[in-house]
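Asker: Spelled out from the first residue to the last, the chains are:
Number of protein chains: 2
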Amino acid sequence: MTFRPAGRADVPAILHLLADDDIARSRGFGVVPEEVDAATWAAFEAIDADPNNELIVAADDEVIATCQLTFTPGLSRGGAWRMTIEAVRVRADRRSAGLGKKLMAYAMDRALDRGCRIVQLTTDKRRIDAHRFYEALGFVASHEGMKLTL
Amino acid sequence: MTFRPAGRADVPAILHLLADDDIARSRGFGVVPEEVDAATWAAFEAIDADPNNELIVAADDEVIATCQLTFTPGLSRGGAWRMTIEAVRVRADRRSAGLGKKLMAYAMDRALDRGCRIVQLTTDKRRIDAHRFYEALGFVASHEGMKLTL
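Protein chains in written order, with our numbering: chain A, 1 to 150; chain B, 1 to 150.
Quick caveat, the hints were computed from the structure, so don't treat them as lab data. Treat each hint with caution, since some may be false.
A pair holds if it fits inside one copy or across any two, identical chains being indistinguishable in the list.
Stated by the list, open to error - Pairs of lysine to aspartate or glutamate, EDC-like flavour, derived with a Cα cap of 16 Å: (1) K101 x D10; (2) K101 x E135; (3) K147 x E86; (4) K147 x D124; (5) K101 x D129; (6) K147 x E135; (7) K102 x D21; (8) K125 x D113; (9) K125 x D22; (10) K147 x D50; (11) K125 x D61; (12) K125 x D21; (13) K102 x E35; (14) K102 x D50; (15) K147 x D48; (16) K147 x D61; (17) K125 x E62; (18) K147 x E35; (19) K101 x E62; (20) K102 x D37.
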């Protein structure tokens with residue numbers, strides 16, 4: 001099992017991980033198009049070119065988990081950098097085997113490497129299991145996560 | 001009143017806005033040092049150099065409000081860009097005059113200019129007035145905002 005930045009060849013597998021999710025389905029993004037579209041490739045290129053964004057995969061023979069890390073500088077808390085974790089997914093047939101925990105351990109190492117003093121994420125209020133998972137890692141649900149779709 | 005990206009000269013005023021806040025005080029960041037320290041200048045330079053981060057101020061003769069906007073590409077939702085709003089502050093003596101609303105209108109315009117399809121923020125669960133403010137703008141508190149201090 002390796003944890004590494006995603007390459008172009010990983011994109012279709014990542015899209016399948018993102019789509020295989022009840023909440024993604026409820027938002028109308030439950031089906032992966034046969035061919036990756038231009039907007040998605042552009043998003044991959046933008047992430048890949050940005051030193052403050054890392055798209056991560058966990059892979060053995062296949063890609064089985066993913067997350068995206070964003071590193072943000074800020075003036076708050078004495079000029080602290082923060083790391084935001086988005087789009088965390090573990091393949092359905094590989095859950096409950098500690099893989100999510102290993103993925104988060106990799107992410108925390110990246111936060112330390114980058115000198116971050118805060119790690120943050122938002123998780124849909126319906127994902128009760130996810131809340132328990134993150135709380136066990138030390139996250140505190142201190143904030144409301146508010147979203148506006150344009 | 002103008003809304004614009006912050007310059008170096010605005011940093012001390014922004015730090016005062018960030019510090020004059022009960023929750024910042026409770027975290028130990030309620031006092032602004034007489035001289036801006038190196039870590040804070042480095043954070044300002046990092047924001048200023050990053051096309052995906054914008055530190056915004058509202059100013060007439062003085063800086064009276066601020067927020068930070070982060071633009072993040074992602075593979076979810078068809079390759080949608082998202083805008084994250086952090087560190088929103090309006091100076092205490094200028095609140096309840098519609099300034100926060102104008103600042104958010106400026107932020108929304110930036111989201112549209114950048115082609116974002118989601119705008120997101122987290123707000124401390126103790127900031128009840130802020131929740132009402134954002135809900136009136138169309139934000140939905142659909143997520144838990146989880147934080148881990150390293």
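Asker: When the structure is checked against the list of hints, which entries are broken? Sort them ascending.
Answerer: Violated hints: 1, 7, 8, 10, 11, 13, 14, 15, 16, 17, 18, 19 and 20; rest satisfied.
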